[in-house]
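Fit chain B to the supplied structure of chain A, relying on the hints for placement.
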Amino acid sequence: MAAVVMSRCRSRLRFSSRWFFRSYFSSDSSGTSGSDPPAADAPRSGFAAAFDLQTEIRREAGTSAAGLRGSSSGQDESFASLLRRSPLVQMGPARDRVVVGRIFHVVQDDLYIDFGGKFHCVCRRPADGGEKLQRGSRVRLRLQDLELTARFLGAQTDTTLLEAQAVLLGPLEGREGRD
Amino acid sequence: MAARALTKGLLGLRQLRAVATGYSCGGHQYATATSAKPLQPAHDDVSEKVLSLPLDKPDFFRVAELFSVKDLFDARVHLGHKQGCRHRLMEPYLYGCRLDQDIIDLDQTVDHLQQALNFTAHVAYRGGVILFVSRRRQFGHLVESTAQECGEYAHTRYWQGGLLTNAPIQYGPGVRLPDLIVFLSTLNNVFQQHVGIRDAAKMNIPTVGVVDSNCNPCLITYPVPGNDDTLAAMELYCRLFKMTISRAKDKRRQMELVHGLTAPSTPSS
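Those protein sequence lines, which keep their order, are chains A and B. The first sequence lines up with residues 1 to 179 when you count with my numbering. The second sequence lines up with residues 180 to 448 when you count with my numbering.
Since the hints were made in silico from the structure, they are not lab data. Incorrect hints may have been included.
Residues from chain B that keep clear of chain A, each with C-beta distances beyond 10 Å, as calculated [claimed, not checked]:
#1 259
#2 263
#3 265
#4 273
#5 293
#6 338
#7 348
#8 349
#9 352
#10 401
#11 422
#12 426
#13 429
#14 434
#15 437
Take a look, some chain A residues computed to stay more than 12 Å from chain B by CB distance [what the hints assert, rightly or not]:
#16 129
#17 150
#18 171
In silico contact screen, one side only, chain A against chain B (beta carbon under 7 Å); selected entries [unchecked claim]:
#19 93
#20 97
#21 122
#22 147
#23 149
#24 151
#25 156
#26 160
From the three backbone atoms N, C-alpha and C, an ideal C-beta is built for every residue, glycine too.
For reference, chain A alone in the conformation it holds in the complex (with noise of 0.2 Å):
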């Protein structure tokens, strides 16, 4: 119980300013922990006091933002900014990435993943979970290759098999969890 007073006290010095904004506004400003007041009017701590804050900066800049500028944000950003946050550019090397694929194509034990990168990966069906992984399941890959290359000799060029390589780990588990 003291923990627990300590950590909200703790919390709510830290987050004084966002613990004052929502008092402020709440009907039940006593303040006290004692009682457990609404999921709403929680003082939350750690990460999802962060978040919250972030969330709502982020929308205040973007209802300023709006009204200057005529089009939406994604017609103004430029190609190098783009380039710079996208998904494929921040995960770095594909080398043992573990990424969420989607399953375009089925042929009997080979199934045809896309990831988001410029080429798919073929894989072979697992023999448990197997059966539940069809057209359309997303499934959990760790990349090898973005795309197999390799100079024979004599080549001017590489070969390539306009294919990416990634093991299977297993279906992506939330959505079990969700339903």
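Using the frame of chain A, we list chain B on its own:
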């Protein structure tokens, strides 16, 4: 009189052949000269106005509104092949190389694509025959259905050697060749340049081609640097070409209706 002779000389064979084809557009005709007849004077003014009006503005069909950098980016048009697959002549079109993968400069692609779509629109406006070519088997159906929906033609199968260069013998005399060939992928299945590019250059047929970072952009009239391996990018190109051609054809019908009403009903002899 002199002006009419001058325009006749400029437009030249195009108007003479128009009577044979029933449409005022330049085609590679192999018919004999007996089918050529001078046009009626009354139709001359209307058709001249209809044909010359789009040429006054740089973007008469407003193709620049059809897409943006964000659309190209979301369709993964900027992704190229690996560095080892790069063609030397594609280097000016590349933004850079990131972790061994070439990135195509979308600012240049936007300009090239606008020029290509504008040219396609003008050809479609004048009733030209447009041929879509792609040897990528996974997109063959997409290309064929695109061509069918916009009322043009597609060739996504094996390209016979004399298709353009030996046409009157292979397909009979009086064959009309395409006025524009759109290559949605300039490579064939063994990563060599498609034969159609060289043949179209030989037959003076302008070409529009999507060139990836491993393609040769030399002989293509309107190259469009971009990705040709991803389904999203191909769907975008197909959609853009279909919208452009439909727009141009609708505009032509509209212009003919508008100017046809204002032309004198009785032809002056």
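When you look at the beta carbon of residue 349 of chain B, is every beta carbon of chain A farther off than 10 Å?
-> holds (32 Å)
Let me know if the C-beta of residue 147 of chain A comes in closer than 7 Å to any C-beta of chain B, holds or violated.
-> For residue 147 of chain A, the interface hint holds, since the closest Cβ of chain B sits about 5 Å away, which is under 7 Å.
Non-interface claim for residue 293 of chain B: all C-beta distances to chain A beyond 10 Å?
-> The claim stands: residue 293 of chain B keeps its Cβ more than 10 Å from every Cβ of chain A (closest is about 15 Å).
Examine each Cβ of chain A, and state whether all of them lie more than 10 Å from the Cβ of residue 401 of chain B.
-> holds (21 Å)
Hey, does residue 437 of chain B actually stay past 10 Å from chain A on C-beta?
-> With a cut-off of 10 Å, residue 437 of chain B remains clear of chain A, as the shortest Cβ separation is near 32 Å.
Assertion that residue 348 of chain B lies outside the chain A interface [Cβ separation over 10 Å] | holds (36 Å)
Hint status (Cβ of residue 122 of chain A to nearest Cβ of chain B, threshold 7 Å) | violated (13 Å)
Far enough from chain A: is every CB of that chain over 10 Å from the CB of residue 338 of chain B?
-> holds (20 Å)
Taking 7 Å as the limit, does the beta-carbon of residue 151 of chain A come near enough to a beta-carbon in chain B?
-> For residue 151 of chain A, the interface hint holds, since the closest Cβ of chain B sits about 6 Å away, which is under 7 Å.
Checking the smallest CB distance to chain A, is residue 434 of chain B really beyond 10 Å?
-> Non-interface label stands for residue 434 of chain B: nearest chain A Cβ at 31 Å, farther than 10 Å.
With a cut-off of 7 Å on the beta carbons, see whether residue 93 of chain A makes it to chain B.
-> holds (6 Å)
Looking at residue 265 of chain B again, its CB stays over 10 Å from all of chain A?
-> violated (8 Å)
When each numbered hint is compared with the structure, violations occur for hints 1, 2, 3, 17, 20, 21 and 25.
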